[in-house]
Amino acid sequence: MSAAAVDKSVFGMIAEFPNAAALFEAAEKVRDKGYKFWDVHSPFPIHGMNKAMGLGKSTLGYIIFCGGFTGFATAVLLEYIPSSFLYPLIVHGKPVNFFTVPPFFPIMFELTILLSAFTAFFGVFVMNRLPRLHHPLFDYEPFKRVTNDAFFLAIESTDPKFSEVGTREFLEEIGGQSVTLLYQND
Amino acid sequence: MADTDASTVPFVERMPRRPLVWNNHSMAWISDRIAGIVENKAPLWWWVSIAITGSFAAFGTLCILYLLFTGVGVWGNNIPVGWAWGITNFVFWIGIGHAGTLISAILHLCRQKWRTSINRSAEAMTLFAVMCAGIFPAIHVGRIWMVWFLAPVPNPNWIWPNFRSPLMWDVFAVSTYFTVSVLFWYLGLVPDLATMRDRAKGKVSRIVYSILCFGWRGGNRQWRHYEMAYLVLAGISTPLVLSVHSTVSFDFATSVLPGWHTTIFPPYFVAGAIYGGFAMVLTLLLPLRSLHKLEDVITWDHIDVMCKLLLLTGSIVGYAYIMEFFVAFYGANPFERFAFLNRYFGPFWPFSWTMFYCNVIAPQLMWVRAFRRNWAIVYFCAMCANAGMWFERFVIFVISLSRDFLPSSWRMYYPTWVDIFTFIGTIGIFVTLFLLFIRFLPMVAMSEVKSVLPEADPHYRPRTDPESESRKEAHV
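Going down the list, the sequences are from chains P and S.
Heads up: the first sequence at position 158 corresponds to 158 in the numbering used here, and the numbers run straight through without jumps.
Heads up: the second sequence at position 386 corresponds to 1386 in the numbering used here, and the numbers run straight through without jumps.
Hints may be right or wrong, so weigh each one.
Quick list of simulated restraints, FRET-style, between CB atoms [said to hold, decoys possible]:
| no. | chain 1 | residue 1 | chain 2 | residue 2 | range |
| --- | --- | --- | --- | --- | --- |
| 1 | P | 89 | S | 1263 | 17 to 27 angstroms |
| 2 | P | 55 | S | 1048 | 30 to 40 angstroms |
| 3 | P | 139 | S | 1459 | 32 to 42 angstroms |
| 4 | S | 1319 | P | 85 | 38 to 48 angstroms |
| 5 | P | 70 | S | 1055 | 26 to 36 angstroms |
| 6 | S | 1374 | P | 92 | 48 to 58 angstroms |
| 7 | P | 102 | S | 1412 | 46 to 56 angstroms |
| 8 | S | 1109 | P | 69 | 53 to 63 angstroms |
| 9 | S | 1159 | P | 92 | 12 to 22 angstroms |
| 10 | S | 1293 | P | 100 | 56 to 66 angstroms |
Derived by calculation from the structure, the hints in this document are not laboratory data.
From a predicted model like this one, the values you see are computed outputs, not experimental measurements.
Cβ coordinates follow ideal geometry from the N, Cα and C atoms, glycine included.
Excised from the complex, chain P in its bound form (with noise of 0.2 angstroms):
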């Protein structure tokens, strides 16, 4: 069956496995068959699973990068702007310009770290599309499970190689259980 003829309301298809290496294993089958459209839940995040999966290192950290990194633009205008023009002040009879540095980096170093933390905090949820609260898995009862002890594999039917009958079939053969399709919510 090909992927214009899954039904429109279909979700995806889910199974359960009994524990984090079997999940592990699973994930890297699904891997080498091809799928591109599904994501493994497990309580807590399994080591080597980005690997198992065939995904790369989150690029969340250049855009953290980026925050850090307009932090200290933003402390050294923040510091020179009034320091050197708006108010120069004379302290120990030192100079304003620019070569008086050293004192002036904690607050750089602060306002980098600062900006750096909420872009990786805010990044985290925005690179997963969150606050997401209504999802088609949260209509499936087992799937609250999820986050205590309980390991799912599930397949989007918007995958290209997602079939009803052959996606199912492949899921058991790989040690899926209950394996069950979950429709959209509306």
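On the provided structure of chain P, position chain S as indicated by the hints.
Relative to chain P, chain S alone:
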């Protein structure tokens, strides 16, 4: 036969690590036990404790209001002792916070997996301690409505603050520290709030937890970014936490006062802060692990290693005390020499010797393993460290100020009842906030504790041979 065993069985199999959670508990047990603290009815001891600490907090708040309506004259500060209990309490509280960030950030970078059992409550402790610290700089200005002069904006006369002043650095350091600590703490809470959402029985609590956890689904595509953010936050919090107490120490080290004007201050303050902070973690967690039956999660191994950190940082502090004394002698500056002789043999001598006993001698008990696993001795050392770190700040600030260069301007310092009850009030505020935290939020990071269980390893295979079973028993 033993030889062939040793060569074929990998080392990790022959010498398994001590488990971090004792008695082979399952993941569901961890969720039930920890989330249960929040879900079950509050025990009697909780109500009694919060009634007591809440009263202290309320009386402390009244003292603060009395100060604001009357003026800073209600405190015992007077020239030459212009900074006394206010700054002592500020530095005391900000120091307490450092252990929380050390556990969450530095130990994360060092891959110390045992941190997962204690990091949540230690981070919460950090937040509440920094809140208590923040009260003092705000109220000590006397005219609280002028406190916005601390912000990097011009005042009504178009005068800008001096960005090269250590006091200005302090404003940025402490406010950044608080903000980053909140973000770090909340990011760690998100997966656990999702657990609370999925366990919630009532509709309202489910919606509230749903909103608080942003609809977390625990997908690996989410964990991927989450772990990166967590790692970066740990990476940037590490220099931050070291810089905060260094900046606090610059308030003193950049002055010319004998006893303050020393280059040893930044590392010495940071070590002292971690020492005092770990003492507070132990003070809070030793009773809580028994009251909430968390002995298998916060085990004696955890307490043991915290005691070792207490010993290490206490000894660094002791080295700093002695080295300060030596440098004062060796530096041949008569004012400096006098400041240190006056510290230990002047009118304030009981404070200095109490400080020395509590911070240097008492933690030496922790060399003995049996003492590190005896709650009475651990609690005694933690209490000594709590008191000792307060005395240390008092000794540095007040004794140095009370006798500076000119004997004609020397003056003794005596606190007033407002000083005393404001400080006790902040202890009340701190403990009250902590009690509310353990009531409404999971006090142990459930998702992180689960991730250090043996079965969380993707290459874990359950072992069935009888020898390994008996070995497992031996660890319990």
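So, going through the hints one by one against the coordinates:
1. P:89 - S:1263: 17 to 27 angstroms: Given range 17 to 27 angstroms: holds, Cβ gap about 25 angstroms.
2. P:55 - S:1048: 30 to 40 angstroms: Because 51 angstroms falls outside the window, the suggested range is violated.
3. P:139 - S:1459: 32 to 42 angstroms: Once the Cβ atoms are compared, 33 angstroms apart, the range 32 to 42 angstroms for residue 1459 of chain S and residue 139 of chain P holds.
4. S:1319 - P:85: 38 to 48 angstroms: holds (46 angstroms)
5. P:70 - S:1055: 26 to 36 angstroms: Taking Cβ atoms as reference, residue 70 of chain P and residue 1055 of chain S lie about 46 angstroms apart, which means the hint is violated.
6. S:1374 - P:92: 48 to 58 angstroms: Distance hint for residue 1374 of chain S, residue 92 of chain P holds at roughly 54 angstroms.
7. P:102 - S:1412: 46 to 56 angstroms: violated (38 angstroms)
8. S:1109 - P:69: 53 to 63 angstroms: violated (22 angstroms)
9. S:1159 - P:92: 12 to 22 angstroms: holds (18 angstroms)
10. S:1293 - P:100: 56 to 66 angstroms: At 59 angstroms between Cβs, range holds.
Hints 2, 5, 7, 8 from the list above are not met by this structure, while the remaining hints are.
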